[in-house]
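Peer 1: Residue numbers (the numbering used here), protein chains in the order written: chain A, 6 to 362; chain B, 124 to 632; chain C, 11 to 381.
Just so you know, these hints were derived from the structure itself, not from any lab.
You may find that some hints are simply not true.
[Unchecked claim] Derived lysine to aspartate or glutamate pairs resembling EDC-like cross-links, with alpha carbons at most 16 Å apart:
| # | chain 1 | residue 1 | chain 2 | residue 2 |
| --- | --- | --- | --- | --- |
| 1 | C | K221 | C | E187 |
| 2 | A | K245 | C | E187 |
| 3 | C | K104 | A | D181 |
| 4 | C | K162 | B | E315 |
| 5 | C | K350 | A | D181 |
| 6 | A | K245 | C | E118 |
| 7 | C | K104 | B | E239 |
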Amino acid sequence: MRGKSAISSWQLAVLLFLSRIMQFFLAVSPEGQPGALTAALLLPASMAASILLLLPAYFLLRKNRGKGILDLAGERWGKLGAICSAAFFFFSLCVLVQTASAFSYFLTSTAYPDTSPWLFILLLFAVGGYAASMGYEPTARFGAFVFAALIAALLFTGFSLWPQAHWAFLRPPAGDSLQSQLQLFARLTLGNVETAALLFLIPAVNEKQKSVFWKWNLLTFGVGEGAILFTAAVLGDYGKSQRFPFYTVTKIAEVSIFQRLDSLHIALWVFMALVRLAVFLEVGGKSLARLLPTRAAKHAVATCAAVAALLSGVFTGQQHVLERIGSVFSSGAPVLWLTCLLPLFLLIFRRKGGAGR
Amino acid sequence: MSQWFAKRIEEKERALYVTPKPPATETVRLTGDATADLATIRAALHNTADFMVREILVCGVPVKLMMFEGMFSLQTLTEIMLEPLGDLTLEDPSPQALRDWILHQAVLGMDQNEVETLGKLFPFLMSGFAGILIDGIAGAIVAGVQGFQFRSVSEPSAEENVRGSREGFTEPIRINMTMVRRRVKSSELKMELMKAGVKSKTDLCLIYQTDMVAPELLRDIRRRIREIPTDMILESGYIQPFLDTDIISIFSNVGTTQRPDTLCAKVSEGRVGILVDGTPFALIVPYFFNENFQSLDDYTHRPYYAVFERWLKYLAFFFTILLPGFYVAVGTFHPELFPEALLLNVTAAEQDVPFPLVIEALLIHFIYELMREAGLRLPRPIGHAIGIIGALVIGDAAVTAGLISSPMVMVVALTALSSFVVPSLFQEATIMRFGFILIGGTLGIFGMALGLALMIVNLCSVNAYGIPSMSPESPFQMFAMRDVLLRAGWKKLGRKKLKIQNLPGTEIR
Amino acid sequence: MKKAFLLALCALCLPLAGCMRSVQLNERAIVQAIGIDRAGDAYALTLQIFDPEAAGADDTSSGKILRAEGRTLAEAMRNANLKQGQEIFLGHTKLILLGEQIAVDGVEEVVAYFNADAQSRPNTDMLVAQGDAASVLREPLDSTILPVLSMKMLLEGYRDNGKLVRTQLRGIAGSLENPAVGAYLPVAAFSGDEEEAGIQIVGTAVLRDGKQSGVLSTEETRGILWAAGEIGKTQLTLEEEGIGIVTLNVVSSSVTVTARIENGAPFYAVSVRVRSNVGQEFAATQALQPSERCDRYEKAQEQLIRRETEHALEQLFHGIFCDALGYANILMQQQPDYWKQEGEAYPDVLDQVGFSVTVDSKINRGTTVAS
């Protein structure tokens, strides 16, 4: 199956990986969060859990090769399918708003203290929207370069800070309460919005669709574990006073005259944020296109970008709205519905007389 | 709204420009009445001064020889056409017999053809053929006796190499074709002649290897060439945009070369080379981004050195587009990125400069581009003077006068130097450099990152005839890296051949 | 649509370009070292600023001093800004020198300021001045071209000789986050007469809850360095009967600490591993075989290091009552159950904390003098 804008399994895995890692990087560590070692142990557990989450989708898509989840919803439920499209659209809109405002918050609190967040949001959405409007392929190819840059940056940071890592800072999980561990587990599993993106984008992969999940999780596991543990070991208690611990690590890393390379890391983070925005703009745009009349559908990505930019700009200053969005995500409901329950219902319920195959 | 604008623009254009159309006499057929035909031809040519006609009698049959002045070789004409015609005695002298004799028995030129219409006749005449009108035959016979003046084969000025052939393409297409053929004596190498240009009727020659090239690619190229609406094609650059991708990008995926050996190497990987008559620059389609960093020398030098050279070129490219912008961005927004001692030096140097860093950078790059442009097309002796002015004015006086700081001069020197390392990306690099200076000076590293992302996304979205232009870097293919990041030795490289349509991500239409 | 995006981008760039505030290099005051003192209720800042005008000229220092006061550090910085118009740039600050009074009153506010400042580096060195920070910072200005560099070299020299504990801003900030651990800072003093005036490191200040609660001497400082495993190179001079005077050059050292609970209180087993070369030896030992000599040196070295380390630990845990070495982290990691129950009270039971020191001492390269 070699249609237009088909990408390989590695390409999609790298895209999802970058998007996921960006979420790790941008996560503001709240008080009373379990230690790094706990997080590191929960990460593989959450990956195992997301296999369960994706099982219905797996059976659904295996039976209907070459079709996306929204194709099937439209096919089987007719008008009701539009609700699924709308759900995916609003879901990606929320992810976009959250990412863009978190990133502009990051930029204003690190490199550009006196700049309006509007500037960052508009420019990010303009470039991200451009990438998304070109289709999967350019974004995926761009992702490969970002991936290479990320690995280089991680290696540099790792090598330069290795002597300063104190492993005594890794506290055993026994120190954390069970409740906080469960919360973190749920956040890692159900707060993993990339699972929904995976489900949405998988028909674009032209080979070995199943392996995308493994490749993606392998990368996330390798880099995520390393980053979490290493950051905790290097920063220790100092990390608690930092809003973006991963960024602080890059601020400290130095080799010879190469010091304070954090602005270069910011460039890398901009790339990663763009990848994340492009991925979800793609999801949002494709879902929106199903809701719009055919003539307007080709502007779906642009519309999605414009709406998301507007909302992010408006909400950036309003912490309670962002917190509300964040709490909806961390409740896990959106991911659970979109990635597990929706395919499950699609498997079970069909409209009477629907094509269904 | 946009349609209304488009309409208005079209109206304005119509008043100014005309769309090229072929002349109406194109399809006029020859009648067989030589005198009348000649009159038609003269009329169609508007009695042009360089059209020559010689009337002779061959075996009692009136024959008119038509030629364009200076296009034929008098010696060839005499030896292989006039002498045999003069000596000819036919058993049964009739126009038909003469025609049959010329067409089937005689060799009156290297290349012989019979044409019926003016549209077919004129291009032959105008490329140095002699036309023979026989009274009573509805048609003309053309025979190749070309002998016009042209520049001899010489070293390719724009693509010199340390090792390798000293031959470069020259203007006449036939000579260029022989240079290619001489290097590849294979039955698989095919040359295909086409014509383009509504008025100029320029000869084009597609060169490809039948066993390597993708048929879809070939079909697409032929279609694109057929649809070229331009009336004059004076250089291969005229048809380049028509072969280029449909996505707006400042990078082209049509390559040019002046070297027959490079052309042969490209063709052997499944690409199509296009020779254009009248220019020593051949086109290569499709042309990928990484090919800009390859040169013939890479393949003749020792592998380890070739790898070093190649990395130097990659580095130079990023230097030449990013360095000034980066310097401005760091100086304006992120001075902590400078190593301490460097920051102190730069600050001390910037102390008395009256301009902001970004203006300073734009100014000095503008001056540099001015001088480069001035030196480019001037007679050589004056060009030297420009060099002196440059060295004195920018290098010394501007710094002493406090207009420009000396680190900035270093930056421009380094940038200029790097830009010459990858000459085929010179134009792109120059424009992007200015873009990055502006972005860097207004938005800092954040803007630079966005700009770079935009550039990479744009590059990645380019699919040249269905083959990703960033291939094989992305979509990544490990095996192809031996000729991208590395340059494997010939013992390895020669064993297997890359076929471009097999690169990952390819969707040949 | 693609065209629309590109157009939108270009259109956006123009009006937004002005949004970002750019500061030219010649509008920045590059701060190289900061001295912070108390002046009544306010902070008194002493900024050592790079002076580009003077940088080119010979024989003059390229630094100038700027002083400013303010009720908070931020206000003081702004006042410093107002004084000369240039933007204060902390991105390359090498040194933060705290006045003694500040250290005694608590460093929390100072650390919080630098922590929140996006430009400043987390790995800026911090020192405590004996007395006024201003007087220490001002002095070396006249002597060298880049005063802060010479100061840094001086500090590095001290560190290489085991006389200085290096403390960075992030270390202090980290210790403030964890009430169980303290921190230490080198103490710098200005001393000497007319001819040989200069900065000296006179000891190590120990911070408990961000407040200076004791000062260790330079000799005790080395004990801390052994216990923290931060000795890079140093020279040990052994002077004992049967050995004479021997100088050993320490080439590497490391420390392993394990925590256990003994008698209901934490107990730390500190094991130091030291490798050194023989530097210089005097005649007293010439009578012995080289291998025997090495054995003796090893033993003497072991005793010396153990004595120093034990003394330092004794001082810290039972004298100042402060876990400045951060051993609590090891306790947390190795005895999580204990920590869960008793962790809160850890700072109060420091006097019951036990420790043992073992030293694994080896001479890598023995003497070259044959007997």
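Peer 1: Each of the hints needs a verdict: does it hold here or not?
Peer 2: Evaluation of the provided hints:
With a C-alpha separation of about 14 Å, the suggested pair K221/C and E187/C falls inside the 16 Å cut-off, and the hint holds. The suggested pairing of K245/A with E187/C holds, with an alpha-carbon distance near 7 Å, which does not exceed 16 Å. Restraint check: the Cα-Cα separation between K104/C and D181/A comes to about 38 Å, which exceeds 16 Å; the hinted pair is violated. The suggested pairing of K162/C with E315/B is violated, with an alpha-carbon distance near 74 Å, which exceeds 16 Å.
Distance hint between K350/C and D181/A is fulfilled; the C-alpha atoms sit about 9 Å from each other, no more than 16 Å. Taken as a hint, the K245/A and E118/C pair is honoured in the structure, with Cα atoms around 15 Å apart against an allowance of 16 Å. In summary, the hint linking K104/C to E239/B is not supported, as the alpha carbons are separated by about 89 Å, beyond the 16 Å threshold.
Checked against the numbered hints listed earlier, the structure breaks hints 3, 4, 7; every other hint is satisfied.
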